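J.: Given next are the chains, with one letter for each unit.
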Amino acid sequence: MKKFMFIMLVAFLSAVLVACESGSGETTGDETEAIGQEEEAAVDVDRVRMLIGSTATGGDTYQIADALSRHAEDVMETNMQVDAVGSLRAFDELGKAEDDGSTIMFFHDMSYLGVEYGSFGEEAELENWTIGPIVATNPGNAFLTNADAPYDTMVESAEWLSENPDETITVAVESGGVSQIGFDGFYLWVEEEFGTDVSDRIHAYVTGSQEDKNQALWDGNADIIHGSIGANEQYTQDEVEDRIKMKFLGITAGERMEEIEIPTFAEQGVTVNGDEFIFDKEFFLLMPEDIDESYVQAVDNAVEQVVEDPSYEEDLVTNRYTVNHMSAAEAEEYLLDKRDNFRYIIENAPNLDDIAR
Amino acid sequence: MQFFEILTPMTILLCSLGVFIGIVMGAIPGMTATMAIAIFLPITYALDMIESIGLLIGLYVGGISGGLVPAVLINIPGTPSSLTTTFDGYPMTQKGEGEKALKVGVTASVFGGFFSLAVLYFFAPMLSTFAIDFSSVEMFLIILFAMTIIASISKGSLLGGIFSGLLGILISLIGTFTINNETRLIPPGFESELIYGFTLLPVLIGLFAVGQLLEEAEKGMKASAHQKIKLQKGDTKSKFSFRLFKNQKVNVVRSSLLGTFIGMLPGVGGSAASITAYSQAKNFSKNPKELGKGSPEGVVASESANNGLIGGALVPMLSLGIPGDSTTAILIAAFLLQGIQVGPLFISSNPDLWSGMVFALIVANIAMFFMMFLTVKYFAKIVFIPKYLIFPIIIVACVIGSYAINNGIMFDVWTLLLFGFLGYIFPKLGIQIPSFLIGFILGAEAEKNFIDTLQGSGGDLSVFFTNGPVAIVLWILILGSIIFSVADYRKGKKEEATYAS
Chain A
1 MKKFMFIMLV AFLSAVLVAC ESGSGETTGD ETEAIGQEEE AAVDVDRVRM
51 LIGSTATGGD TYQIADALSR HAEDVMETNM QVDAVGSLRA FDELGKAEDD
101 GSTIMFFHDM SYLGVEYGSF GEEAELENWT IGPIVATNPG NAFLTNADAP
151 YDTMVESAEW LSENPDETIT VAVESGGVSQ IGFDGFYLWV EEEFGTDVSD
201 RIHAYVTGSQ EDKNQALWDG NADIIHGSIG ANEQYTQDEV EDRIKMKFLG
251 ITAGERMEEI EIPTFAEQGV TVNGDEFIFD KEFFLLMPED IDESYVQAVD
301 NAVEQVVEDP SYEEDLVTNR YTVNHMSAAE AEEYLLDKRD NFRYIIENAP
351 NLDDIAR
Chain B
1 MQFFEILTPM TILLCSLGVF IGIVMGAIPG MTATMAIAIF LPITYALDMI
51 ESIGLLIGLY VGGISGGLVP AVLINIPGTP SSLTTTFDGY PMTQKGEGEK
101 ALKVGVTASV FGGFFSLAVL YFFAPMLSTF AIDFSSVEMF LIILFAMTII
151 ASISKGSLLG GIFSGLLGIL ISLIGTFTIN NETRLIPPGF ESELIYGFTL
201 LPVLIGLFAV GQLLEEAEKG MKASAHQKIK LQKGDTKSKF SFRLFKNQKV
251 NVVRSSLLGT FIGMLPGVGG SAASITAYSQ AKNFSKNPKE LGKGSPEGVV
301 ASESANNGLI GGALVPMLSL GIPGDSTTAI LIAAFLLQGI QVGPLFISSN
351 PDLWSGMVFA LIVANIAMFF MMFLTVKYFA KIVFIPKYLI FPIIIVACVI
401 GSYAINNGIM FDVWTLLLFG FLGYIFPKLG IQIPSFLIGF ILGAEAEKNF
451 IDTLQGSGGD LSVFFTNGPV AIVLWILILG SIIFSVADYR KGKKEEATYA
501 S
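Residue numbers (UniProt numbering), protein chains in the order written: chain A, 1 to 357; chain B, 1 to 501.
Calculated from the structure, these hints are not laboratory results. Mixed in with the good hints there might be a few duds.
What the hints assert, rightly or not - Just the calculated beta-carbon pair ranges, DEER-fashion:
(1) A:95 to B:392: 34 to 40 Å
(2) B:218 to A:95: 39 to 45 Å
(3) A:311 to B:215: 53 to 59 Å
To be verified - With a Cα cut of at most 16 Å, we get these calculated EDC-like pairs of lysine to aspartate or glutamate:
(4) B:387 to B:133
(5) A:245 to B:133
(6) A:338 to A:98
(7) B:289 to B:133
(8) A:96 to B:460
(9) A:338 to A:261
Predicted, not measured: the structure shown is a model, and the values here were computed from it. Where a beta carbon is used, it is the ideal one built from N, C-alpha and C, also for glycine.
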């Protein structure tokens with residue numbers, strides 16, 4: 001009896017195996033392709049720690065990293081955890097990380113601007129990492145002022161300063177960050193257009209978080225602050241109390257955002273060294289320098305699938321960000337060029353210590 | 001009823017679960033409410049907005065309240081804001097009144113919680129611009145005001161206390177000066193470890209827990225007097241009764257108000273709330289000598305203030321989009337992940353969410369009260385565990401907490417051990433640990449507001465005196481607090497001398 005049961009069990013299992021095999025043989029061409037792509041996007045590590053260059057869980061870096069990791073972890077068949085450790089620590093840990101892809105970094109243009117401005121050491125240079133794909137843009141990188149300020153655009157603020165020789169303008173920015181490059185572009189344009197008489201009356205108020213910059217505006221410690229459409233649009237609504245109401249003076253992106261009428265720096269005529277000033281804040285991945293090529297390929301494939309997913313786009317649009325995709329290879333060439341283009345501004349910009357009030 | 005329309009049974013369940021997890025995490029030295037919320041943040045994405053707010057509010061209330069347990073029973077502040085709870089809570093335990101101290105703390109916490117909730121509910125829209133009327137000048141002065149407690153808690157030597165506070169401030173400045181990203185005061189060879197300075201939690205629990213353990217080891221781990229006596233000695237004095245709060249009405253209201261008010265100011269950390277409340281309880285007490293020796297008055301002040309902080313910190317968050325403390329900063333992230341902007345229009349454009357938050361706070365405070373009040377007698381038995389068993393457990397919890405606080409940094413464990421060693425030798429050198437810690441906790445915030453003020457005024461120091469009537473009132477309070485503390489200290493010295501002779 002036992003023998004009979006054993007034979008029956010073997011026969012049953014064989015039948016199941018055969019059925020499975022014939023079933024898989026019926027896979028359509030599309031399915032095979034999809035499975036192939038998924039396999040290429042899968043990585044060997046069970047857990048990927050995505051360090052971000054910001055400690056704020058309410059900022060654009062965290063929000064985009066969160067959306068990317070939630071969508072990419074299934075495709076990559078792993079668990080992804082966003083870790084808001086801040087820029088210096090993120091670079092430090094990425095430098096010490098294993099090359100197996102269990103630790104990667106997600107950040108934006110500050111990763112190379114910080115090196116150029118001297119906020120990060122040379123060891124954080126783009127050349128010391130494997131640059132991954134670009135995944136999103138925050139087109140709302142902006143400057144704002146109080147709603148009752150006597151100017152409505154960045155250019156008008158410079159004209160106002162020129163017409164009122166006893167006045168000064170103080171701009172709240174973060175040292176070594178994306179806000180500083182926008183400020184420097186504006187400063188150099190004022191210097192070229194109106195001369196040092198006017199540009200010398202522009203001061204910097206150096207501070208950190210967005211909340212600190214908002215507070216600086218409300219306190220009267222700053223006249224103009226760096227901000228973003230996502231974070232500051234709510235303060236520009238009609239229903240907001242006059243005491244805290246703000247207005248946008250311009251965005252640094254190349255194109256206006258749909259439905260929001262804020263002129264770009266370029267539209268206003270802000271140029272540096274003869275070129276329009278355009279700065280798009282772009283978000284990308286960085287990986288250890290010696291990471292395996294197959295891992296980079298898997299990340300590239302995963303991101304390619306994620307950016308096609310409408311729910312990823314929906315997540316970004318909710319907070320006024322846009323999908324912007326470039327593969328790792330394209331991103332490397334693009335970001336190195338972008339960095340070279342902004343070197344002129346950084347080399348000619350004033351030292352914040354000298355122009356801080 | 002609107003309450004049940006907005007808060008589903010699932011939300012109530014999640015909120016209560018949050019309170020439970022928060023209490024447990026708050027009670028483990030090195031784990032905080034901020035950490036609890038950060039851990040659960042990614043999970044909230046899968047939940048409905050009101051459910052996720054219920055869970056997070058529960059974690060917030062539980063996390064803040066849980067810190068009371070180790071502060072009272074083993075003299076280790078579970079969270080930085082329960083530092084002042086140790087001043088009287090632990091001496092009460094040593095007198096055999098551990099259960100009473102815990103019940104006093106829990107009751108004061110729930111008072112503070114509901115007081116600040118009432119302020120939040122009735123005044124949040126009105127107070128929207130109140131927080132920004134306090135510029136960096138006033139915030140600096142409030143932190144200075146909180147620091148005056150150093151004068152009133154100095155034991156033995158006033159100068160020693162002030163020196164300890166200044167040493168704490170100096171150590172807090174180690175790291176990166178964020179204005180120009182330059183590092184400072186870092187000993188050679190530690191540039192990468194100390195780039196952000198010492199982390200607060202390992203410093204706090206190292207000084208208290210590890211330092212205390214080494215001191216006990218020196219004595220030989222014999223059972224302390226309070227381990228031999230019963231927690232409830234049977235006499236009515238050591239039993240808890242709600243009547244105890246009859247004489248504490250002013251203290252409860254003043255401390256809850258201070259907690260709520262300081263919570264509203266974004267540039268002033270949460271720990272300043274309980275420190276200021278404790279300091280004022282001592283200044284206004286009929287028996288200031290008793291504070292620090294095991295007086296329920298001190299526990300009431302500290303605990304009602306740190307729970308009062310919760311509603312206060314939510315005011316600028318919900319009316320301005322500015323987080324009142326590090327925990328509310330993560331709460332903002334929970335809203336943003338769901339695409340909801342928290343700012344001046346939040347209450348008017350999200351009435352259901354606003355009501356949901358208020359209801360969740362009510363549920364969380366009630367759940368916290370019952371969970372803690374009814375289990376206090378079990379928690380309180382911790383003090384009977386022999387030291388050779390409890391100390392290894394405490395050390396393990398402290399090491400895990402320190403390692404976890406920044407997601408796995410070994411240097412935080414070394415910090416814990418280093419400050420543990422310092423906690424052992426500081427008292428022998430005359431350095432007072434509570435004053436040192438207050439300097440350490442408030443130092444960096446004081447500096448930030450000081451620098452912000454000078455940047456705004458172009459380096460003119462007179463702005464601290466000319467910024468308006470609020471600044472003048474704060475200067476009067478600071479001076480009054482210092483004069484009162486010094487006079488009180490001298491009177492005590494005189495009495496001691498008379499007694500000795």
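J.: Hints first: check each against the structure and report whether it holds.
T.: Do the hints match the structure? See the list:
1. A:95 to B:392: 34 to 40 Å: holds, 36 Å
2. B:218 to A:95: 39 to 45 Å: Holds, at about 42 Å.
3. A:311 to B:215: 53 to 59 Å: holds, 57 Å
4. B:387 to B:133: violated, 51 Å
5. A:245 to B:133: Between residue 245 of chain A and residue 133 of chain B the Cα gap is close to 14 Å, so the pair holds against 16 Å.
6. A:338 to A:98: violated, 29 Å
7. B:289 to B:133: violated, 37 Å
8. A:96 to B:460: violated, 45 Å
9. A:338 to A:261: Judged against 16 Å, a Cα distance of about 27 Å means the pair is violated.
In terms of the numbered hints stated before, the structure departs from hints 4, 6, 7, 8 and 9, listed from lowest to highest.
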